[in-house]
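Spelled out, the chains give:
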Amino acid sequence: MAGEQILVVEDNEKNMKLFRDVLQATGYRTLEATTGGRAVELATEHGPDLVLMDVQLPDINGLEALGRLRADERTASIPVLAVTAQAMQGDRERFLAAGFDGYLSKPVSIADLVATVQHHCDGRGR
Amino acid sequence: MEATARPHRRLIWKYTTVVVALVAAAIVSVGLTELYFSYQDSKRALTRVERDKAYSAAASIEQQMQDVVRELEAAAQPTAETGMAGLAERNQEFRSVFGREKLVSQLSYLDAAGEERVRASPLEIDRIDSGIDFSRSAKFIRARTEQRYFGRVYFQHGSQPHITVAVAEPGAGGGVVVAEIDLTFVRQVVDRARIGTAGYGYAVDSRGELITHPNINLVLRHTNFASLPQVRAALRAPAQDPAEAATIGRDQDGTKVLSAFQTIESLGWHVFVEEPLSEAFAPLEAAIWRTALLLVAFLVLAIATSVLLARRLVRPIESIQTAAAKIGSGALNQRIEIASHDELGALAEEFNRMAARLQESYASLEQKVEERTRELATALGELDKKGRELEAASLHKSEFLANMSHELRTPLNAILGFSQVLRERLFGELNEKQESYVDDILSSGNHLLSLINDVLDLSKVEAGEVELEVAPFSLRESLERGVVMVRERALKDGVQVALAAAPDVDIVTGDERRIRQVIFNLLSNAVKFTPAGGVVDVRATQVDGEVRVSVADTGPGIAPEDHERIFEEFQQTDAGVAHGEGTGLGLALSKRLVQLHGGRIWFDSELGKGSTFVFTLPARPA
Numbered sequence: 364m365a366g367e368q369i370l371v372v373e374d375n376e377k378n379m380k381l382f383r384d385v386l387q388a389t390g391y392r393t394l395e396a397t398t399g400g401r402a403v404e405l406a407t408e409h410g411p412d413l414v415l416m417d418v419q420l421p422d423i424n425g426l427e428a429l430g431r432l433r434a435d436e437r438t439a440s441i442p443v444l445a446v447t448a449q450a451m452q453g454d455r456e457r458f459l460a461a462g463f464d465g466y467l468s469k470p471v472s473i474a475d476l477v478a479t480v481q482h483h484c485d486g487r488g489r
Numbered sequence: 024m025e026a027t028a029r030p031h032r033r034l035i036w037k038y039t040t041v042v043v044a045l046v047a048a049a050i051v052s053v054g055l056t057e058l059y060f061s062y063q064d065s066k067r068a069l070t071r072v073e074r075d076k077a078y079s080a081a082a083s084i085e086q087q088m089q090d091v092v093r094e095l096e097a098a099a100q101p102t103a104e105t106g107m108a109g110l111a112e113r114n115q116e117f118r119s120v121f122g123r124e125k126l127v128s129q130l131s132y133l134d135a136a137g138e139e140r141v142r143a144s145p146l147e148i149d150r151i152d153s154g155i156d157f158s159r160s161a162k163f164i165r166a167r168t169e170q171r172y173f174g175r176v177y178f179q180h181g182s183q184p185h186i187t188v189a190v191a192e193p194g195a196g197g198g199v200v201v202a203e204i205d206l207t208f209v210r211q212v213v214d215r216a217r218i219g220t221a222g223y224g225y226a227v228d229s230r231g232e233l234i235t236h237p238n239i240n241l242v243l244r245h246t247n248f249a250s251l252p253q254v255r256a257a258l259r260a261p262a263q264d265p266a267e268a269a270t271i272g273r274d275q276d277g278t279k280v281l282s283a284f285q286t287i288e289s290l291g292w293h294v295f296v297e298e299p300l301s302e303a304f305a306p307l308e309a310a311i312w313r314t315a316l317l318l319v320a321f322l323v324l325a326i327a328t329s330v331l332l333a334r335r336l337v338r339p340i341e342s343i344q345t346a347a348a349k350i351g352s353g354a355l356n357q358r359i360e361i362a363s364h365d366e367l368g369a370l371a372e373e374f375n376r377m378a379a380r381l382q383e384s385y386a387s388l389e390q391k392v393e394e395r396t397r398e399l400a401t402a403l404g405e406l407d408k409k410g411r412e413l414e415a416a417s418l419h420k421s422e423f424l425a426n427m428s429h430e431l432r433t434p435l436n437a438i439l440g441f442s443q444v445l446r447e448r449l450f451g452e453l454n455e456k457q458e459s460y461v462d463d464i465l466s467s468g469n470h471l472l473s474l475i476n477d478v479l480d481l482s483k484v485e486a487g488e489v490e491l492e493v494a495p496f497s498l499r500e501s502l503e504r505g506v507v508m509v510r511e512r513a514l515k516d517g518v519q520v521a522l523a524a525a526p527d528v529d530i531v532t533g534d535e536r537r538i539r540q541v542i543f544n545l546l547s548n549a550v551k552f553t554p555a556g557g558v559v560d561v562r563a564t565q566v567d568g569e570v571r572v573s574v575a576d577t578g579p580g581i582a583p584e585d586h587e588r589i590f591e592e593f594q595q596t597d598a599g600v601a602h603g604e605g606t607g608l609g610l611a612l613s614k615r616l617v618q619l620h621g622g623r624i625w626f627d628s629e630l631g632k633g634s635t636f637v638f639t640l641p642a643r644p645a
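Those sequence lines, one after another, are chains A and B.
Just so we're aligned: the first sequence equals residues 364 to 489 in the numbering used here.
Just so we're aligned: the second sequence equals residues 24 to 645 in the numbering used here.
Hints listed in this document are in silico derivations from the structure and should not be mistaken for laboratory results.
Each residue gets a CB set at the ideal place from its N, CA and C atoms; glycine is no exception.
Hints are supplied without guarantee of correctness; some may be wrong.
Some chain B residues close to chain A (C-beta under 7 Å, calculated; not the full set) [what the hints assert, rightly or not]: (1) R432; (2) L449; (3) G451.
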């Protein structure tokens, strides 16, 4: 395991626990944010290798948080995956068009999650 | 404008013509009657005057002539002496006659042999015993036979009319006394009988020859008037009643004259008094002129009156007509102003009432139209509002569905995630019981997820929000994928799945994801209901321009009572319910998706032998 740092943005406590436990168990380090604002702060501060971004958040939503990350030179190149319960028809296309590097709909298949995270970390110029 | 003026003129002329004709007829008939009677009266009066004059002239002449004849009879008595003494006595007697009677211009005595014995005249020397023989002369012979003789009128000294009268001496062998009578008095008498300025009198003898006439030349030429109608009539009927002796005749020049005559019986003469009609009826002519003038005056008056009357009569009609035309052209507030209380007034009143009714009904019509328009606008507004509300409701529904989906997926993520973590033994081993529980949690969670997905799909289809992403795709590949997807389950259940696609079945046009959804639904149903050892047979063929996909199983089949409701939402067969899986939405969704593609879906089933579900898609060559 490479021990890449992954920022998990999730306002639901149980889901946060699930993603954190799975990622840590799989060998990643995790940063946790329950709001969009906090996510931008942490990303700027720590420069994680990947961000798993929930979209529906208490303050600014995931799309706006993505916009702020992209706007900041320090965080602009960090890959961000949308992990959202917004899974209606056309949502995938909508998020990818908005600039997310990937899209996982809830309920997430653990196998899919692990494979996708692995894929993005591996693809990060190593 | 011309159209309205024409009937007006016609009416006026009609009235005028009628009135003028009536007036003219009345005046003319009255005038003619009056003229006729005044003509008759004038004629009668004039005739009486003429006749009276003729009568008095004739009487005067006869009287004088009788006086003369009496003198002659007295002179014709035999003398007391005979011989020369007798002749002298007779001569003496003749001289005394001249003294008494101025009309006698000459007297002579013829003896019984017709020889002249005495001749005396006031202006000449008496001749005694001249012996001139007159025995063959008419005066001698006719006096001897008829006692009296009147000769023809003749003229002495050119123009003095005279007549020879002879009287016989009484007793046989007597002589005859012959007298020449100056008739100048006749002319005077007859001239006095003239009437008016152009009137004149004349006398003719028994043969019609003129005795006297104002035109002396006619008399001198011995003109005979017997050819004139009135003279001829007088000569033919000398005994005619004098009252009818008046007639219209002609003078010698042919001019019409009113003529009356009187006969002098003793002489056989006729005295005529005449007047040209032009003068006789001059007063009548004046009357004619007066009547004509009156006629013209009354005609003018009648025309003026009738025009006025007609105008007065026509004007109200005209104003009614004008108003009617205005009302006819839409001016419903138009009213006719007529003050008269006759039938025209009543007509105008009725007309006004009609116009008022028309206006009223028109106004109420407009009001009704306005009302209805307002109602319609309101209804449209409401409809619009409802439409907006519906739109909002639809939007709300979509939002609600999205929210619900989101809110269900969030806990499901934890449920399924943790179950998978446990199942993958990420944090340690599970005992058999625990593993089976985790499996149950997983399958229940997945069931819940598919339920959510189906409900969302169906409600989108129902709302018409599903937009097919139409593109050519390989149906063969979709079928193969579907088979792969159910194969694991089929193997586990001991069911064999076979796919047989005809060579000409491959590319079709449609929404690949939706068609796959349908295929997977039918396949998973078939596998689910087919008992171990059974077969699911998938076939694809092209028939009559459409692609037909059939999925046949060897399951329990569908009871006839379930055939009706098998494609309805939340309807499951008892077998399906017993399986404890499936949402009851799969077939309903499949049916709608196939229909959206323009295809059909149906099934054949027999209890205990299995079911065959078939759907079609229009074949569109790639």
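Hint by hint, here is what the structure shows:
Proximity of R432 of chain B to chain A holds as hinted, the smallest CB-CB distance being about 4 Å (cut-off 7 Å). The criterion of a C-beta within 7 Å of any C-beta in chain A is met by L449 of chain B, whose closest approach is roughly 5 Å, and the hint holds. The closest approach between the C-beta of G451 of chain B and any C-beta of chain A is roughly 11 Å, which is over the 7 Å cut-off, so the hint fails.
Comparing the model with each earlier hint shows a violation of hint 3 alone; every other hint is respected.
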